[in-house]
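The hints should help you fit chain S onto chain W, whose structure is shown.
Protein chains: 2
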Amino acid sequence: MTLKYYHAEPVANSLKSMIPLKEKGLAFESVYVDLHKFEQHSDWFVAINPEGQVPVLDHDGAIITHTTVINEYVEDAFPDTPPLRPADPVGKARMRYWNKFVDEHVMNFVSMHGWHRMVGIIARNIESGEFLKLVERIPLHEQREKWKTARSGFSEADLANATRKIEVAVDKVEDQLGKTPWLAGDMYTLADINFYAHCGMMVERMFPEMEIAKRAPRLVEWRDRVTARPGVQAALEMPDHTAPGLRTWTGHAR
Amino acid sequence: MTLKYYHAEPVANSLKSMIPLKEKGLAFESVYVDLHKFEQHSDWFVAINPEGQVPVLDHDGAIITHTTVINEYVEDAFPDTPPLRPADPVGKARMRYWNKFVDEHVMNFVSMHGWHRMVGIIARNIESGEFLKLVERIPLHEQREKWKTARSGFSEADLANATRKIEVAVDKVEDQLGKTPWLAGDMYTLADINFYAHCGMMVERMFPEMEIAKRAPRLVEWRDRVTARPGVQAALEMPDHTAPGLRTWTGHAR
Numbered sequence: 004m005t006l007k008y009y010h011a012e013p014v015a016n017s018l019k020s021m022i023p024l025k026e027k028g029l030a031f032e033s034v035y036v037d038l039h040k041f042e043q044h045s046d047w048f049v050a051i052n053p054e055g056q057v058p059v060l061d062h063d064g065a066i067i068t069h070t071t072v073i074n075e076y077v078e079d080a081f082p083d084t085p086p087l088r089p090a091d092p093v094g095k096a097r098m099r100y101w102n103k104f105v106d107e108h109v110m111n112f113v114s115m116h117g118w119h120r121m122v123g124i125i126a127r128n129i130e131s132g133e134f135l136k137l138v139e140r141i142p143l144h145e146q147r148e149k150w151k152t153a154r155s156g157f158s159e160a161d162l163a164n165a166t167r168k169i170e171v172a173v174d175k176v177e178d179q180l181g182k183t184p185w186l187a188g189d190m191y192t193l194a195d196i197n198f199y200a201h202c203g204m205m206v207e208r209m210f211p212e213m214e215i216a217k218r219a220p221r222l223v224e225w226r227d228r229v230t231a232r233p234g235v236q237a238a239l240e241m242p243d244h245t246a247p248g249l250r251t252w253t254g255h256a257r
Numbered sequence: 004m005t006l007k008y009y010h011a012e013p014v015a016n017s018l019k020s021m022i023p024l025k026e027k028g029l030a031f032e033s034v035y036v037d038l039h040k041f042e043q044h045s046d047w048f049v050a051i052n053p054e055g056q057v058p059v060l061d062h063d064g065a066i067i068t069h070t071t072v073i074n075e076y077v078e079d080a081f082p083d084t085p086p087l088r089p090a091d092p093v094g095k096a097r098m099r100y101w102n103k104f105v106d107e108h109v110m111n112f113v114s115m116h117g118w119h120r121m122v123g124i125i126a127r128n129i130e131s132g133e134f135l136k137l138v139e140r141i142p143l144h145e146q147r148e149k150w151k152t153a154r155s156g157f158s159e160a161d162l163a164n165a166t167r168k169i170e171v172a173v174d175k176v177e178d179q180l181g182k183t184p185w186l187a188g189d190m191y192t193l194a195d196i197n198f199y200a201h202c203g204m205m206v207e208r209m210f211p212e213m214e215i216a217k218r219a220p221r222l223v224e225w226r227d228r229v230t231a232r233p234g235v236q237a238a239l240e241m242p243d244h245t246a247p248g249l250r251t252w253t254g255h256a257r
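Line by line, the protein sequences are chains W and S. When you read off a place in the first sequence, starting at 1, and then add 3, the result is the number in the working numbering. When you read off a place in the second sequence, starting at 1, and then add 3, the result is the number in the working numbering.
Only chain W is shown next, with the shape it has when bound in the complex (with noise of 0.2 Å):
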């Protein structure tokens, strides 16, 4: 048995799917993708996977794609390992609302204020023709756009919306862990793993503004609770080539 896996730093996406592979003690080979040097439009890993994103798992040769789909096909592929998964049918539906929760109204959220405050550093400071170049290799209608909206700028109403919409996210967080200990009841599972990595994980260092540990101390408490399991630590030491100053996800910069 073989378990590629293809990433770039731990977090976000890429932390997604490292977690539970570390939580499962799965020994896999780790590939490193150079998003700095835009390693995931090149030929080599868009012949792994044509939408030219990471992270990607290669099990066996079946190369599975995107993060909540990964993650799921973890859990059916590896049955003797610890689950991250309830067992039971309202247990599992509880875990994918949340999963589609957080793709669908989180991630790209949190993404924006990310790319406007590094990858639009990064797109600024490539000469505009290399940029087109660069841009013309990407895969994907969205990301083509997403790139070249990073190098000028976002809007400040989608960066608002984008606000408006964690914090959405924050309070309705808050609220459930003042009803069940973990997002999907009474279990660490996926649902938790996914908020942790695309907001729960760096909302209060990006968004000082929000108060987080007045506004939802309960996320805060939960966060310490994820951020301290050994699974979750060992995917967090993952190699982190971003420089320094531009660690607006995984270190300390704004």
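Hints are supplied without guarantee of correctness; some may be wrong.
Using 27 Å as the maximum straight-line C-alpha spacing, the simulated BS3-like pairs for lysine-lysine come out as follows [to be verified]:
no., chain 1, residue 1, chain 2, residue 2
1, W, LYS103, S, LYS149
2, W, LYS7, S, LYS149
3, S, LYS25, W, LYS103
4, W, LYS103, S, LYS217
5, S, LYS7, W, LYS168
6, S, LYS27, W, LYS103
7, S, LYS149, W, LYS168
8, S, LYS136, W, LYS175
9, S, LYS175, W, LYS175
10, W, LYS136, S, LYS168
11, W, LYS149, S, LYS149
12, W, LYS103, W, LYS182
13, W, LYS136, S, LYS175
14, S, LYS182, W, LYS151
15, S, LYS168, W, LYS151
16, S, LYS168, W, LYS149
17, W, LYS7, S, LYS182
18, S, LYS7, W, LYS182
19, W, LYS168, S, LYS136
20, S, LYS182, W, LYS168
21, W, LYS103, S, LYS151
22, S, LYS151, W, LYS175
23, W, LYS151, S, LYS136
24, S, LYS175, W, LYS149
If you're looking for bench data, these hints aren't it; they were derived computationally from the structure.
Positioned in the frame of chain W, the structure of chain S alone reads:
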């Protein structure tokens, strides 16, 4: 065991979770929610689903929302019925890849054209004070905005982008059907039902300028195979209370 399904007309989301119930021969109580009277935002319904959206599945008191989540739930809760999800992990991942694609890159874009043509007419027929009161009752911010935009009219740029997204989806499905008989492989699955309910069943009729029969002949043949299934027929025969002149999705209005 009691199974209750709250739904509107047999199209889009309401159809998408009706088909599995019919395919599996599950006995359920049908509760019609009248969207023409904004019943989905009424107190009695919001008490069941705080998000104010159909459909909802109530299984012995467990409330399941969001059609992709409902459909996986029905697979998990009734394992002895004919499966609509592959048994092997890779097959499941292929199905979920397509479900995610339809949920995030297809559904809202066909929906925008449907709203533009049909819901816009309904919204403009309501006196503006009354309309504002109706909108205030809508729980989700995104839905409030969608109703307001439907009344004032979607922008040409948004409609053109939606058309582009639908064309990308049609070409992607056509390409996949050149490789496998169904979207996720050799088996008819929830992925086929998802694309059918949100796009496949009506795309040729709603967008004649796309020349679907010429552009995507395999999609047309696949659509006819899905339509011919007795479970799909039974779901399509559920009552349609939309005025015939407004049946943009379910009938022949444009």
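To see whether the hints hold, each was checked on the structure:
About 20 Å separates the Cα atoms of W:LYS103 and S:LYS149, which keeps this hinted pair within 27 Å; it holds. With a C-alpha separation of about 43 Å, the suggested pair W:LYS7 and S:LYS149 falls outside the 27 Å cut-off, and the hint is violated. A C-alpha spacing of about 25 Å is found between S:LYS25 and W:LYS103, which places the hinted pair at or below 27 Å, so the restraint holds. At most 27 Å may separate the alpha-carbon atoms for a hinted pair to count; W:LYS103 and S:LYS217 exceed this at roughly 35 Å.
The suggested pairing of S:LYS7 with W:LYS168 is violated, with an alpha-carbon distance near 32 Å, which exceeds 27 Å. Taking the CA atoms of S:LYS27 and W:LYS103, the gap is near 25 Å; set against the 27 Å cutoff, the hint holds. The suggested pairing of S:LYS149 with W:LYS168 holds, with an alpha-carbon distance near 16 Å, which does not exceed 27 Å. Under the criterion of a C-alpha separation no larger than 27 Å, the hint pairing S:LYS136 with W:LYS175 is consistent with the structure, at around 25 Å.
Pair hint S:LYS175 plus W:LYS175 does not hold up; C-alpha atoms about 35 Å apart against a cutoff of 27 Å. For the given pair, W:LYS136 sits about 24 Å from S:LYS168 by alpha-carbon distance, which is consistent with the 27 Å threshold. For the given pair, W:LYS149 sits about 23 Å from S:LYS149 by alpha-carbon distance, which is consistent with the 27 Å threshold. Using a Cα cut-off of 27 Å, the hinted pair W:LYS103 and W:LYS182 holds, with the two alpha carbons roughly 20 Å apart.
Of the supplied pair hints, the one linking W:LYS136 and S:LYS175 holds, its CA atoms being roughly 25 Å apart against a limit of 27 Å. A hinted pair counts as satisfied when its Cα atoms are at most 27 Å apart, and S:LYS182 with W:LYS151 does not qualify at roughly 34 Å. Under the criterion of a C-alpha separation no larger than 27 Å, the hint pairing S:LYS168 with W:LYS151 is consistent with the structure, at around 19 Å. The suggested pairing of S:LYS168 with W:LYS149 holds, with an alpha-carbon distance near 16 Å, which does not exceed 27 Å.
For the proposed pair W:LYS7 and S:LYS182, the alpha carbon gap of about 25 Å is at most 27 Å, so the pair holds. With a CA separation close to 25 Å, the supplied pair S:LYS7 and W:LYS182 stays within the 27 Å bound. A C-alpha spacing of about 24 Å is found between W:LYS168 and S:LYS136, which places the hinted pair at or below 27 Å, so the restraint holds. The hinted pair formed by S:LYS182 and W:LYS168 fails the criterion: a straight-line CA distance of about 39 Å is larger than 27 Å.
For the hint linking W:LYS103 to S:LYS151, the alpha-carbon distance of about 25 Å falls within 27 Å, and the restraint holds. For the given pair, S:LYS151 sits about 24 Å from W:LYS175 by alpha-carbon distance, which is consistent with the 27 Å threshold. For the hint pairing W:LYS151 with S:LYS136, the CA-to-CA distance comes to about 40 Å; that exceeds 27 Å, so the pair is violated. Restraint check for S:LYS175 and W:LYS149: satisfied, since their Cα atoms lie roughly 21 Å apart, inside the 27 Å limit.
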